[in-house]
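Here the protein sequences come in this chain order: B and C. With our numbering, letter number 109 in the first sequence gets 109, and the count goes up by one each step, no holes. Adding 604 to a residue's 1-based position in the second sequence gives its number in our numbering.
Please keep in mind that the hints were generated in silico from the structure rather than gathered at the bench. Backbone N, C-alpha and C fix where the C-beta goes; we use that ideal spot for every residue, glycine too. There's no promise every hint is true.
Using 20 Å as the maximum straight-line C-alpha spacing, the simulated PhoX-like pairs for lysine-lysine come out as follows [to be verified]: (1) B/Lys115 <-> B/Lys370; (2) C/Lys674 <-> C/Lys716; (3) B/Lys350 <-> B/Lys370; (4) C/Lys674 <-> B/Lys33; (5) C/Lys831 <-> B/Lys361; (6) B/Lys370 <-> B/Lys321.
Partial chain C-side listing against chain B, Cβ under 10 Å, derived [said to hold, decoys possible]: (7) Glu632; (8) His641; (9) Asn670; (10) Val690; (11) Ala738; (12) Asp739; (13) Arg747; (14) Asp792; (15) Ser795.
If you anchor each label on the Cβ, the simulated ranges turn out as follows [to be verified]: (16) C/Met688 <-> B/Lys361: 20 to 30 Å; (17) B/Gly568 <-> C/Pro723: 43 to 53 Å; (18) C/Ser709 <-> B/Ser441: 47 to 57 Å; (19) B/Ala29 <-> C/Gln608: 47 to 57 Å; (20) C/Glu741 <-> B/Lys298: 53 to 63 Å; (21) B/Lys112 <-> C/Pro723: 45 to 55 Å; (22) C/Pro723 <-> B/Ser441: 44 to 54 Å; (23) C/Pro829 <-> B/His451: 51 to 61 Å; (24) C/Asp836 <-> B/Thr151: 26 to 36 Å; (25) B/Lys112 <-> C/Ser709: 20 to 30 Å.
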Amino acid sequence: MPEFQRFSYDVLVIGAGGAGLRAAIEAAATGAKVGVVCKSLLGKAHTVMAEGGIAAALANVDDRDSWRVHFADTMRGGQYLNNWRMAELHAKEAPECVRELEAWGALFDRTKDGKILQRNFGGHRYPRLAHVGDRTGLEMIRTLQDHGIHTGMEVNMECTVLSLLMDSGRVAGACGYDRERGRFHVWQEKAVVLATGGIGRAFKVTSNSWEYTGDGLALAYRVGAELQDMEFVQFHPTGMVWPISVRGILVTEGVRGEGGVLRNSEGRRFMFDDIPDLYKEQTADTEEEGWRYTQGDKNARRPPELLTRDHVARCINREVKAGRGSPHGGVFLDISWIKQHISKSEEHIKRKLPSMYHQFKQLADLDITKEPMEVGPTTHYMMGGIRVDGDSQMSTVPGLFAAGEAAAGLHGANRLGGNSLSDLVVFGRRAGRYAAEFAKSNGATVIDEQHLQSTANDALTPFERGPTGENPYQIQYDLQDKMQDLVGIVRTENEMQQALDIIAQLYKRVERVGITGNREYNNGWHTAVDVANLMIVSEAVTRAALLRKESRGAQFREDFPTKDTEWGKYNIVVKQSQDDEMQIEQRAIAPMPEELKAVIEEMK
Amino acid sequence: MATQATFRIWRGDPAGGTFQDYTTPVEEGMVVLDAVHRIQAQQVTDLAVRWNCKAGKCGSCSAEINGMPKLMCMTRLSDINLEMPVILEPMHAFPPIRDLVTDVSWNFRAKKTIKQFQPRSPDFPDGTWRMQQADVERVQEFRKCIECFLCQDVCHVLREHHKHDEFIGPRLLVYAAALEMHPLDTEDRVSDLRRRHNIGYCNITTCCRQVCPESITITENAIIPLKERVVDQFFDPLKQLFHIL
Ligand SMILES: Cc1cc2nc3c(=O)[nH]c(=O)nc-3n(C[C@H](O)[C@H](O)[C@H](O)COP(=O)(O)OP(=O)(O)OC[C@H]3O[C@@H](n4cnc5c(N)ncnc54)[C@H](O)[C@@H]3O)c2cc1C
Ligand code: SF4
Ligand code: SF4
Ligand code: FES
Numbered sequence: 001m002p003e004f005q006r007f008s009y010d011v012l013v014i015g016a017g018g019a020g021l022r023a024a025i026e027a028a029a030t031g032a033k034v035g036v037v038c039k040s041l042l043g044k045a046h047t048v049m050a051e052g053g054i055a056a057a058l059a060n061v062d063d064r065d066s067w068r069v070h071f072a073d074t075m076r077g078g079q080y081l082n083n084w085r086m087a088e089l090h091a092k093e094a095p096e097c098v099r100e101l102e103a104w105g106a107l108f109d110r111t112k113d114g115k116i117l118q119r120n121f122g123g124h125r126y127p128r129l130a131h132v133g134d135r136t137g138l139e140m141i142r143t144l145q146d147h148g149i150h151t152g153m154e155v156n157m158e159c160t161v162l163s164l165l166m167d168s169g170r171v172a173g174a175c176g177y178d179r180e181r182g183r184f185h186v187w188q189e190k191a192v193v194l195a196t197g198g199i200g201r202a203f204k205v206t207s208n209s210w211e212y213t214g215d216g217l218a219l220a221y222r223v224g225a226e227l228q229d230m231e232f233v234q235f236h237p238t239g240m241v242w243p244i245s246v247r248g249i250l251v252t253e254g255v256r257g258e259g260g261v262l263r264n265s266e267g268r269r270f271m272f273d274d275i276p277d278l279y280k281e282q283t284a285d286t287e288e289e290g291w292r293y294t295q296g297d298k299n300a301r302r303p304p305e306l307l308t309r310d311h312v313a314r315c316i317n318r319e320v321k322a323g324r325g326s327p328h329g330g331v332f333l334d335i336s337w338i339k340q341h342i343s344k345s346e347e348h349i350k351r352k353l354p355s356m357y358h359q360f361k362q363l364a365d366l367d368i369t370k371e372p373m374e375v376g377p378t379t380h381y382m383m384g385g386i387r388v389d390g391d392s393q394m395s396t397v398p399g400l401f402a403a404g405e406a407a408a409g410l411h412g413a414n415r416l417g418g419n420s421l422s423d424l425v426v427f428g429r430r431a432g433r434y435a436a437e438f439a440k441s442n443g444a445t446v447i448d449e450q451h452l453q454s455t456a457n458d459a460l461t462p463f464e465r466g467p468t469g470e471n472p473y474q475i476q477y478d479l480q481d482k483m484q485d486l487v488g489i490v491r492t493e494n495e496m497q498q499a500l501d502i503i504a505q506l507y508k509r510v511e512r513v514g515i516t517g518n519r520e521y522n523n524g525w526h527t528a529v530d531v532a533n534l535m536i537v538s539e540a541v542t543r544a545a546l547l548r549k550e551s552r553g554a555q556f557r558e559d560f561p562t563k564d565t566e567w568g569k570y571n572i573v574v575k576q577s578q579d580d581e582m583q584i585e586q587r588a589i590a591p592m593p594e595e596l597k598a599v600i601e602e603m604k
Numbered sequence: 605m606a607t608q609a610t611f612r613i614w615r616g617d618p619a620g621g622t623f624q625d626y627t628t629p630v631e632e633g634m635v636v637l638d639a640v641h642r643i644q645a646q647q648v649t650d651l652a653v654r655w656n657c658k659a660g661k662c663g664s665c666s667a668e669i670n671g672m673p674k675l676m677c678m679t680r681l682s683d684i685n686l687e688m689p690v691i692l693e694p695m696h697a698f699p700p701i702r703d704l705v706t707d708v709s710w711n712f713r714a715k716k717t718i719k720q721f722q723p724r725s726p727d728f729p730d731g732t733w734r735m736q737q738a739d740v741e742r743v744q745e746f747r748k749c750i751e752c753f754l755c756q757d758v759c760h761v762l763r764e765h766h767k768h769d770e771f772i773g774p775r776l777l778v779y780a781a782a783l784e785m786h787p788l789d790t791e792d793r794v795s796d797l798r799r800r801h802n803i804g805y806c807n808i809t810t811c812c813r814q815v816c817p818e819s820i821t822i823t824e825n826a827i828i829p830l831k832e833r834v835v836d837q838f839f840d841p842l843k844q845l846f847h848i849l
């Protein structure tokens, strides 16, 4: 029988990115005993990679900005499938949460009068992203980490949660193992916050790290929580395409925010050719107006490169398919051209986009101050996730909360850049607060020892199969390959049906996975565990995408290429049925209160 | 470029280990971490390596490549001589866990001993402060740190003399500098730096600065100014005395 090391907390936070750390800080501030579990070392979670900035209507650069504009922008970006309550709270609370980061030591770039500087980003009407060059995520995670370690929270680094434990209908704990030594752990608690991030590793070309295997979604799904909006996977328009080994690594939207332009092989700014009606009013007519916008001219409208990500990604896709792409299957993103407008443009670019400069110089031997980059779409962000209550962030399972990329609702059908980092702090804070409250008003839980043992035994069976079993890395590659091809940026009924068949076969291969070596830091074992979660989320993405017979936001169906008003009334919800089947249904969106409707009308 | 390359990788655990050779196909644009991943996927599934971002942003994949402390994800194969086996070892200044993975938890414990950020009260009733870009930039350099611990790995005080209990190492001196020079901070860490964190052990060899993947000027911009603060606070009266004599 496998041994367990036992820990007990009031609140257990799974995940130590921005959302998890913010939740833990909040819960600890109420006096709750808080434990944090994360798969990587502290400070290395995905949040560290965020580049462009954090969206908040501080109105430091343009005083016309307010929560109302931010709210309307977020809803428009999400094509009105958003949980409007979350969009409202997010727009209202983000400024306060950014100021909180500053009070904990974050050092954002400044305006001339010493306030927090804000930059332009796609879909945001006014300059709204507080930032630190192009390493905003690092600033944010380090601030939360360095503040958090002094709040009494206990951090269990490099531990993977395998399963949530239940006690009469409410969540009672979690069990998992530490990656370094392979020992099993059980964390008993009164409330759990899932802040495990996204699912990008389900696709071949992605900006996401190995951690993004949708663990939190799968953990919640297995204990009966509902998932929502799974069809909406964001493909960021600009990832690196060359060299092959770095394909998918993100090129921040900040490049376009600072004046970078997209061109095809004919040198044409093709984004001017296709501007959606919803955004006509707000988009520049000429290249010259677009340039003025990026340089802070309040009377200019944004260049079409800064339209929403789904749209830009599809336009790039179209150019490449039409044979007007760059040599390695992308298009050109050029920031060096600004030398026409700015003297000492090289210095300027290096100061505004230091890590992009660094990234291309080191990984592609290319100087972005002199030459255009080659870019193409890359899997980036999961709008869908665990369905939660807008105010408290509690899922449909009592005591189980979710925040950050793992939760659904705020972004609807498409996320605006910068709205994730703000999401993390706004809803991390809320989740932490309500989880602590839940822990206080509900008594201790009992651990289901049987479930514990069976989880550990299941986790160990791949070792018994040894090298004769299926190679876990190979299963993951095959899944990624197929998801990319069949459920990627352009979708059809036919291809997605094929994907479901393939997923069914892959489930069988996962059951036969084999591992060599022992339990200490065994990446093969880790992959075998993670891939099981990827299977669940891949199936959910495919089924939801199949059901939604329209194109909206991040979902583009070639067989249903237009938006359908009727579908605009529903979210798609996925959950596990009593007999372990994946159930999928349409759920009507709650009617929006009149005052919020009025805000949207006013901002049209 | 060569079409295949051999990697001589240290494989072992706290009890000991040996180097083993793995040959794998290589292509243009690959970095060391790609090669390690390929070997892992195709030859030794339990090869232990730590990584996250694969873009030089998280500081997880630190190792010693042909004896040089580097990030595996930012080291291109085209910059290495592939005619000889490429030697890959874990960092030496930390206890090994397995293969290329070391136990870096000491860094996290040591960080906790440094007094946390303590801002002055807000400049405005709405709880905000005003700071100038120039003042912020000085500290932003330190805050670029990705905690790869490569500087800790090369510092002789830790690597050769194992003074982990007494000395916090260059990474955490950079951290202390970021706090001390933060425009809003009011805490005093100078006495701790001298007595508890033993900044005096550093003899400015600049080894740390030379390996920092973020090009932080660790010695000149962080450690030396901190040393000056220590001198100002502790030795000033003495200095004055000498002047009078
Ligand atoms: C390259 C890049 C750039 C980006 N730039 C921006 C930007 O400029 N602005 C913006 O708003 N957004 C940006 N985003 C998106 C944003 O960074 C992420 O959505 C966000 O950081 C997610 O934070 P999180 O707290 O939800 O999760 P993460 O930071 O990913 O943290 C997840 C945590 O969960 C842990 N975990 C996962 N599974 C388990 C398990 N089974 N057991 C234990 N722990 C587990 C992980 O170890 C990790 O600690 C960017 C994303 C990428 C990839
Ligand atoms: S300069 Fe000081 S801190 Fe840096 S490596 Fe040398 S002794 Fe260590
Ligand atoms: S100071 Fe530089 S070398 Fe040291 S940990 Fe930070 S980034 Fe790494
Ligand atoms: S993997 Fe993040 S720095 Fe190398």
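Structure-inconsistent hints, enumerated in ascending order: 1, 2, 4, 5, 6, 9, 10, 14, 15, 18, 20, 21, 22, 25
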